[in-house]
Amino acid sequence: HLASRQSFWAELNVARLNHNNVVRIVAASTCTPASQDSLGTVIMEYAGNCTLHHVIYGTGYLTGNNNDSLKCDHGFLSTAQAVIYSHDIVAGLMFLHSQLIVHLDLKPANIFITEHNVC
Numbered sequence: 001h002l003a004s005r006q007s008f009w010a011e012l013n014v015a016r017l018n019h020n021n022v023v024r025i026v027a028a029s030t031c032t033p034a035s036q037d038s039l040g041t042v043i044m045e046y047a048g049n050c051t052l053h054h055v056i057y058g059t060g061y062l063t064g065n066n067n068d069s070l071k072c073d074h075g076f077l078s079t080a081q082a083v084i085y086s087h088d089i090v091a092g093l094m095f096l097h098s099q100l101i102v103h104l105d106l107k108p109a110n111i112f113i114t115e116h117n118v119c
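Just so it is clear: in the sequence shown, position 80 is 80 by this note's numbering, and no numbers are missing.
It is worth saying that the hints were derived from the structure and are not from the lab. Where a beta carbon is used, it is the ideal one built from N, C-alpha and C, also for glycine. Do not rely on the hints blindly, as some may be mistaken.
[Stated by the list, open to error] Label pairs and their in silico Cβ distance ranges:
no.	residue 1	residue 2	range
1	H103	G58	17 to 27 Å
2	T30	G58	34 to 44 Å
3	V42	L93	17 to 27 Å
4	V83	H53	26 to 36 Å
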């Protein structure tokens with residue numbers, strides 16, 4: 001229980017951070033209903049509804065051109081796009097690590113791809 005409490009407060013510390021490849025925290029509260037076994041609630045900025053998991057496993061891919069907005073559709077992940085996504089992820093992690101923060105649940109389902117095609 002102590003580890004989860006520390007993890008919750010560490011996540012709140014991210015709220016002060018600002019980086020293009022890190023989702024921002026909008027609000028947080030430690031108040032929860034007594035019936036819930038929870039340390040609190042964290043509200044994060046909306047980063048889109050497409051994740052790297054969608055892209056890797058074929059359940060969705062960002063497509064679009066100058067005339068329409070990007071959307072999560074089935075498609076092919078090119079090597080060039082994979083390198084760009086990898087760069088975005090590494091940039092976000094390097095920033096977090098420079099702030100002495102470690103992401104403890106890094107997986108494709110937790111990596112959002114924005115409407116601007118940024119991880």
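- request: Against the earlier hints, flag every one the structure doesn't satisfy and list their numbers going up.
  value: 4
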